[in-house]
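Undergrad: Residue numbers (the working numbering), protein chains in the order written: chain F, 1 to 116; chain D, 117 to 501.
Source of the hints: derived by calculation from the structure; they are not laboratory data. Since the model is a prediction, treat every value here as computed from it, not as a measurement. Hints may be right or wrong, so weigh each one.
As the list claims (entries may be wrong) - In silico lysine to aspartate or glutamate, EDC-like type, Cα no more than 16 Å apart, as pairs:
1. D:256 x F:68
2. D:238 x D:172
3. F:95 x D:274
4. D:344 x D:155
5. F:56 x D:369
6. D:256 x F:69
7. D:312 x D:280
8. F:101 x F:79
9. D:218 x D:119
10. D:368 x F:79
11. D:256 x F:106
12. D:421 x D:373
13. F:51 x F:77
14. D:218 x D:160
15. F:56 x F:77
16. D:237 x F:68
17. F:51 x F:17
18. D:345 x D:119
19. D:368 x F:77
20. D:238 x F:68
21. D:347 x D:147
22. F:26 x F:48
23. D:436 x D:478
24. D:424 x D:279
25. D:419 x D:373
26. D:237 x D:132
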Amino acid sequence: MEKLSILLEKYNEGYNEGYFPAIRCKNCGYTTQVLRNRCIRCNSDNLEIIKISYGKIYSYTIINRGLDEVTAVVIVDADGVKVKGNYIGDQNYLKIGNLVKSTKIENRSVFIPLSQ
Amino acid sequence: MTDVFITGFGEYLEKESNLSFFELLTNAYLEAIKMANIESDEIDGLVFATTTGTIEDPPLRNLLLDQVANFLGFRNLRYMDIVDYGGASFNGMIYRAYRAIKDGYANAILVLGGGKGTIRKKISKTSLITRYHSNFLNVKELAPTSDYAMVALRYSHEYNISDESRALVAVRERSNATLNPNALFRSPISVDDVIKSPIVSYPLRLLECVMPIDGFSAYILTSESKSKKSKITPIKILGFGEAHDPRLIIEKENVLDTPVPVSSKIALERANVSLNDIDLFMLYDAYTIMVLLEIEGIGLAEKGKGWKFVEENDFSPSSKYPINTNGGTLNVGQPAYMSGGVILTEALRQLSGLAGHRQVKDIRYALVNGIGGILNHSTTLILGV
Numbered sequence: 001m002e003k004l005s006i007l008l009e010k011y012n013e014g015y016n017e018g019y020f021p022a023i024r025c026k027n028c029g030y031t032t033q034v035l036r037n038r039c040i041r042c043n044s045d046n047l048e049i050i051k052i053s054y055g056k057i058y059s060y061t062i063i064n065r066g067l068d069e070v071t072a073v074v075i076v077d078a079d080g081v082k083v084k085g086n087y088i089g090d091q092n093y094l095k096i097g098n099l100v101k102s103t104k105i106e107n108r109s110v111f112i113p114l115s116q
Numbered sequence: 117m118t119d120v121f122i123t124g125f126g127e128y129l130e131k132e133s134n135l136s137f138f139e140l141l142t143n144a145y146l147e148a149i150k151m152a153n154i155e156s157d158e159i160d161g162l163v164f165a166t167t168t169g170t171i172e173d174p175p176l177r178n179l180l181l182d183q184v185a186n187f188l189g190f191r192n193l194r195y196m197d198i199v200d201y202g203g204a205s206f207n208g209m210i211y212r213a214y215r216a217i218k219d220g221y222a223n224a225i226l227v228l229g230g231g232k233g234t235i236r237k238k239i240s241k242t243s244l245i246t247r248y249h250s251n252f253l254n255v256k257e258l259a260p261t262s263d264y265a266m267v268a269l270r271y272s273h274e275y276n277i278s279d280e281s282r283a284l285v286a287v288r289e290r291s292n293a294t295l296n297p298n299a300l301f302r303s304p305i306s307v308d309d310v311i312k313s314p315i316v317s318y319p320l321r322l323l324e325c326v327m328p329i330d331g332f333s334a335y336i337l338t339s340e341s342k343s344k345k346s347k348i349t350p351i352k353i354l355g356f357g358e359a360h361d362p363r364l365i366i367e368k369e370n371v372l373d374t375p376v377p378v379s380s381k382i383a384l385e386r387a388n389v390s391l392n393d394i395d396l397f398m399l400y401d402a403y404t405i406m407v408l409l410e411i412e413g414i415g416l417a418e419k420g421k422g423w424k425f426v427e428e429n430d431f432s433p434s435s436k437y438p439i440n441t442n443g444g445t446l447n448v449g450q451p452a453y454m455s456g457g458v459i460l461t462e463a464l465r466q467l468s469g470l471a472g473h474r475q476v477k478d479i480r481y482a483l484v485n486g487i488g489g490i491l492n493h494s495t496t497l498i499l500g501v
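So here's chain F without its partners, still in its complex pose:
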């Protein structure tokens, strides 16, 4: 079983490249954004890191109070795998079902409208 800290380094490479990383079990296919060094469905440690680059907005919120700045969060459905990230761009584009892609802005991965 790979050490969690080593897996985290590889996982973070995805973010460094402007993607949203996820862990996919090579044994059963279960895929999740949640970092673990074994599969919670089949307990296999035969895992790979995949890079999610686009998906559909499953839900979203715009946080107006409590943080230093107005912040949009999206849950994106990428072929059945849900990933959470921040969204930057036109707030009118934030609608359930709209397509978004990942990109790197200010040194971190975020989602933006697909057509942007």
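Given chain F's structure and the hints, the job is docking chain D onto it.
TA: The following block gives chain D in isolation, referenced to the frame of chain F:
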């Protein structure tokens, strides 16, 4: 085996207290033993819950249960426990205390939960719920509020309802709060007021979210022999159910799935009562969306029709389905980010006939549903007199 009763309860809440964590818990405790009419040295068990960040620092949280027991002066404890699943912990604590007495480990247990929500509110600009994976989830957010906001939006999307339908929960609860002299917010509000209140995390408005406050709730459970001294009619614990699904919302197939149907079904079956027998429903209400999901999860409405139930029922003490008769934590405030104590105490107050102008007439059974985390934990308690 002895029967077990809740024989005393106490609540000490302040919007922002200048008392310390330990002073606050003591005040709630003293009120509870006064009602139970027992001496401190009769207490032989302690069950406790708090929230990280709601205690002055120092002390640190290590050996916190020991520190609480020491401050209260206990020296003959035979049972100690901590329950740690957020707002659902209160019902869980009551059941663990009940079991310990039932099994003969203790005779009089203090259940205590709370903290200083305003400490955490001041120091933290980050999410309240951060977990082992916070180092990899590369997102600026304000959980639990932002997660519940996304649940609320998804609910509106799937069932094609408006923000106004969800806002009506806040209106109903406020209407009940007008009858509660201890509520923080007591002026009647309209759906329009809710919709026009500032957006905290879209689509949730300020009037749909609890306010963190300071304080503790305390309960005394005793064996039958000690229960006779109580100043109230001892309250029976008729049924309890708990269900836990600690997955993050991104790992759920449907973010609207909750553990509520499981915990409530177990509790009702164990109590051998039906929903129609219940005279009062105290439902966890940190956010309006939670109440809709609980109304559906418990079975008062079909899935996706909770909002319709709220349109047709006004929650009032004299209605067919009294809900959150004290105004809920939306109007009383939420001590230490856990609403579970405030709703449980109101159920006990009602069952004891101490609810004043908002008293539910001829009440026999109350259902209390607690939720913890982001719809991760649900505990249901059926109480009766």
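Undergrad: Now tell me if each hint is right for this structure.
TA: Hint check:
{"no.": "1", "hint": "D:256 x F:68", "verdict": "10 Å, holds"}
{"no.": "2", "hint": "D:238 x D:172", "verdict": "12 Å, holds"}
{"no.": "3", "hint": "F:95 x D:274", "verdict": "13 Å, holds"}
{"no.": "4", "hint": "D:344 x D:155", "verdict": "14 Å, holds"}
{"no.": "5", "hint": "F:56 x D:369", "verdict": "15 Å, holds"}
{"no.": "6", "hint": "D:256 x F:69", "verdict": "10 Å, holds"}
{"no.": "7", "hint": "D:312 x D:280", "verdict": "11 Å, holds"}
{"no.": "8", "hint": "F:101 x F:79", "verdict": "13 Å, holds"}
{"no.": "9", "hint": "D:218 x D:119", "verdict": "7 Å, holds"}
{"no.": "10", "hint": "D:368 x F:79", "verdict": "14 Å, holds"}
{"no.": "11", "hint": "D:256 x F:106", "verdict": "13 Å, holds"}
{"no.": "12", "hint": "D:421 x D:373", "verdict": "14 Å, holds"}
{"no.": "13", "hint": "F:51 x F:77", "verdict": "13 Å, holds"}
{"no.": "14", "hint": "D:218 x D:160", "verdict": "14 Å, holds"}
{"no.": "15", "hint": "F:56 x F:77", "verdict": "5 Å, holds"}
{"no.": "16", "hint": "D:237 x F:68", "verdict": "14 Å, holds"}
{"no.": "17", "hint": "F:51 x F:17", "verdict": "9 Å, holds"}
{"no.": "18", "hint": "D:345 x D:119", "verdict": "15 Å, holds"}
{"no.": "19", "hint": "D:368 x F:77", "verdict": "11 Å, holds"}
{"no.": "20", "hint": "D:238 x F:68", "verdict": "13 Å, holds"}
{"no.": "21", "hint": "D:347 x D:147", "verdict": "12 Å, holds"}
{"no.": "22", "hint": "F:26 x F:48", "verdict": "7 Å, holds"}
{"no.": "23", "hint": "D:436 x D:478", "verdict": "12 Å, holds"}
{"no.": "24", "hint": "D:424 x D:279", "verdict": "13 Å, holds"}
{"no.": "25", "hint": "D:419 x D:373", "verdict": "10 Å, holds"}
{"no.": "26", "hint": "D:237 x D:132", "verdict": "11 Å, holds"}
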